[in-house]
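Trainee: Work out the full structure: start from the sequences and follow the hints.
Protein chains: 2
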Amino acid sequence: MTIDEKVLPDLDAAAKTWLDRLQSALGDGAADATAELFHPDAWWRDLLAFTWDLRTAHGHDALAARIAGASSAGSVSFSLTDRPVLVEAGAEPWVQAVFELRTAVARGRGVLRLVERDGVWRAWTLLTAMDELIGHEELVGARRPFNSLEGPGRTWPEVRERQREFADGEPAVLIVGAGHSGLGLAARLGRLGVPTLVVDRNERIGDGWRNRYDSLVLHDPVWYDHLPYLPFPPNWPVYTPKDKLADWLEFYAHAMELNVWTGSELAETKRDGDGWAVTVRRADGSLRTVRPRHLVLATGVSGTEPNMPDVPGIDDFRGLACHSRDFPRGVDFAGQKAVVIGSCNSGHDLAQELYEKGAQVTMIQRSPTYVVSLAGSAIAMTGMYDGSGPPTDVADLLSASFPFKCAPEMHQATTAAMAEHDKELLAGLEKAGFLLSSGINGTGALQLFLQRGGGYYINVGCSELIAEEKIGLRSGVEPARFTPTGLELSDGSTLDADVVVFATGYRGMVETARRLLGDEIADRCGPVWGLDDEGELQGVWRRSGQDGLWFMGGNLAMARFYGKFLALQIKAHEVGLLEPRTTSKGGE
Amino acid sequence: MTIDEKVLPDLDAAAKTWLDRLQSALGDGAADATAELFHPDAWWRDLLAFTWDLRTAHGHDALAARIAGASSAGSVSFSLTDRPVLVEAGAEPWVQAVFELRTAVARGRGVLRLVERDGVWRAWTLLTAMDELIGHEELVGARRPFNSLEGPGRTWPEVRERQREFADGEPAVLIVGAGHSGLGLAARLGRLGVPTLVVDRNERIGDGWRNRYDSLVLHDPVWYDHLPYLPFPPNWPVYTPKDKLADWLEFYAHAMELNVWTGSELAETKRDGDGWAVTVRRADGSLRTVRPRHLVLATGVSGTEPNMPDVPGIDDFRGLACHSRDFPRGVDFAGQKAVVIGSCNSGHDLAQELYEKGAQVTMIQRSPTYVVSLAGSAIAMTGMYDGSGPPTDVADLLSASFPFKCAPEMHQATTAAMAEHDKELLAGLEKAGFLLSSGINGTGALQLFLQRGGGYYINVGCSELIAEEKIGLRSGVEPARFTPTGLELSDGSTLDADVVVFATGYRGMVETARRLLGDEIADRCGPVWGLDDEGELQGVWRRSGQDGLWFMGGNLAMARFYGKFLALQIKAHEVGLLEPRTTSKGGE
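The listed protein sequences correspond, in order, to chains Y and E. Numbering follows this note's numbering, with no gaps: position 127 of the first sequence is 127. Numbering follows this note's numbering, with no gaps: position 162 of the second sequence is 162.
One should not assume that every hint holds.
Covered by chain Y, per the in silico footprint, the following chain E stretches (three or more residues, Cβ under 8 Å) [as the list claims (entries may be wrong)]:
id	stretch
1	131–142
2	230–236
3	416–429
4	466–479
It should be emphasised that the hints constitute simulated quantities derived from the structure, not laboratory data. For every residue, glycine included, the Cβ atom is placed at its ideal position computed from N, Cα and C.
Mentor: Here you go:
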């Protein structure tokens, strides 16, 4: 989003007056102040500060209920941090103010947007977000440790080894998965003094990236991708190669003093009182049972269970058929006929990889796909995550201040601008028969990611190969059955193949919970990922249907920002500020 | 230094007018403007911007010469960056202004201090420092690489391996020593696009720290210790344990994509045309000859050659006698009699290590020593490097803006404040017979470091052991000769010993140059370290007496800041902006 901002001196008073009025309405639980404060179509997104949850209230009824309920947060105060700015983007200009807030138990920040209609400035959007629990602040800056040694004559490696092994106590939190989500959350929890263990089945931290195809680079630019506390240095490339990210993750765990057991899997997990008894099989084959109060699954937004369509006749097929997860990277497919089923990121990436290794590749596209180029995709970050924007924490706050369902016309406009940027690319794809989508109601990749967990391709070269017909394409068809020499498709046509790869995604986080924790707990969790009625993501970064079980995920930016709220909720549980609750959608 | 700063609106004009007048004087080479601009005792420190060297002009004659000579920098402009502040510290308050500058070839920054005497504001101190060469800026921020892969299908580890091995070209610079100095300089040069190889004889980067005694932590707080580009995260401990620093250095080299050959030594080094032919013996025993234009010794401020006093009778001694460098860490000295000769940092550290391992230790103090506690020592950084100060780059600039010989009364006052803080500790030491010094003219550790490269101890526990007589002490004596069972001292007394360690320091950087490069080149270098007549350090970070040979060193903060100027000089040579010159003290 490109925005033109002007600093207008008289906006101070408008924002300050509004915040004062909200403060007093909240103090009195005065729901009748709603219409005076908010336009009828206004949004108030709250991240823990007033709801102890991630919640979005939209419209006067919901806003009135929020004001009435907010008195439970105790005495509240607001103060402006920077001068408000006038933002002219789209039909109505808005006054945007970043502010600090304080409740009885926490400090936080927020973003207010005032819009003038009929001569009256009322709120269009409000974000309130918790930053820290008073008395339980992060051990950083002036609160950092004096040194990392606990006693004389003991070295840092020895001290760390005992911590990492939990030689002197149990972890309060066990995180499954040492990717960017799990590590970032562990870093947040560590700074809050919550003993945290991370287990990962890979031999080395980062192997989840190292083991992928050679040419993979991140699809988001560096400014969007920083991990908490330890930003990439200023010479870091715009698009990070996978091995460089892998090594950074490994070092991150070391530098941030995270306790990670690699080559380790959950052998058995049971509820144990208010917590869990988790038996971990470690790299050397030994078993160790730990008893954390919190279990966090950070095994990727889509989980780890392959989504494998049941195509009959697979036993007759003389070639190799596998899911993308099991694709044998090291094997040479030069000169062979390859079929890739699926046309989202992994399908395109695999098709490109096979092509570059000399295979004759055909992609089967089952349904329309949203495609955007790397440069087109960066348009969404202009002025925010492009090196010219505000500090990362402010950019994160401003981004979060638009609820996911708010202002679809802005997403549509950005998506249209990207399509204009990519028009040659898209025309080439269409000419080759590729079925294009513009996302849900023309809103592009973000909403597809939030609502469906996929359905798009950020082009890093495969679209050109398809447009130039270097990679073959069959669109609008499904694989019907295997033949001994290939596939029969739903339109009755056939396709010869030596290798068939199903780039058909994964079955979601709940299915990972099912494998690890059984049906009863998995069924209790309800959906994880996808937007709920309010427009908040379900089950992730917030209480799930199972006490003590949490789901953590998202791309690097989402994990960086929302992981903080998950860490705060766990800390709040640990210090008795937040009670267990069996649904993430309880009343305010 | 604790300072009280007030922002006064009318200071803007004073600073701006002064800078305008300097600008016009420099434009005309108008040396006769000197007395109008500067007080008679004023200082102008220049770091490359006007002198292509590190130079300090003091007093009207030198300042007039500087103004007359500065016209060689071409058209010059100055502009204020922040509002000037009034600083009340000591007898005369000063107006302090940070500004940007631009010459024909470079951009830079500076600090101006105006003092009012007889109703006239004139400069007391001026710093002008080059930041970047126009057209040769660092490849950071918006200039960062798009990604780190050079061709399709090649992975980052493969790309880096070819770079590290210099498979496709020669290094322009060879740095000897992969400590913080060498690595920080390599990072600076890398960002300037100068191909740089670092060789280190240790097996792993950081082993220089790992191989030292267990309890070692840095003696400076974290805010003072950041490396360039990649600051420590906000949870990093105030005092870094040696192994944690070692691992950070190792990762730093990896993350910053530095080309380091470990386990490697210089087998032969010769001048070769305008550069060097250096044969490196690598970890696997193979030899590789590289031809860099620049050779940088970054092997520590004191070099690597032990300073071993010639004490007669050593062959008769039945115990172990060695220099601290060769002290066998792994050996158990419990119950043995140990004598440590030397009373500076390494002497105290070794004495403490031996004591903690159960030895009966006596320290021989040959001359008075300056002692300050860790907390006392941090007083010098209050408001600058304590987490409450300005960003590191501004703190560095402000620190550098006081020439080393300027305002000794400020160093004396700080040293006195530290002594007041430490009075119990110091009284205890005196009572035990320890000979205390307050440094050169009462100016404490910094001037000892700059002028003598040592002569002090920053107490991390050994002083208490001496005061409590847990470690024995013989003061004001020298070892006269070895006996079969110990030492005879210069006062005729004797001391039994199973082990005698000489913590007597190193012979300096020139002697390392002598070992590696021979007498002719070493003799040409002149002194390295120690202050010259102007009060600048000799030979380090600036041209030495030998073209193409540079010395790099200093504590973490000095290496971070001054390494930039060395990198800029090398880059300027590479692009033809700076000619070879055989002395670092040529005319301006």
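Trainee: Could you run down the list of hints and mark each one as holding or not?
Mentor: Against the structure, the hints come out as follows:
Chain Y is given as covering the stretch 131–142 of chain E, and this holds because 5 residues of the stretch bring a CB closer than 8 Å to a CB of that chain, at least three being needed. For the stretch 230–236 of chain E, the stated coverage by chain Y holds: 5 residues have a C-beta nearer than 8 Å to a C-beta of that chain, and at least 3 were required. Given a C-beta distance limit of less than 8 Å, the hint that chain Y covers the stretch 416–429 of chain E is violated, as 0 residues qualify and 3 are needed. Counting residues of the stretch 466–479 of chain E whose CB lies closer than 8 Å to any CB of chain Y gives 0, so the stated coverage by that chain is violated, three being the minimum.
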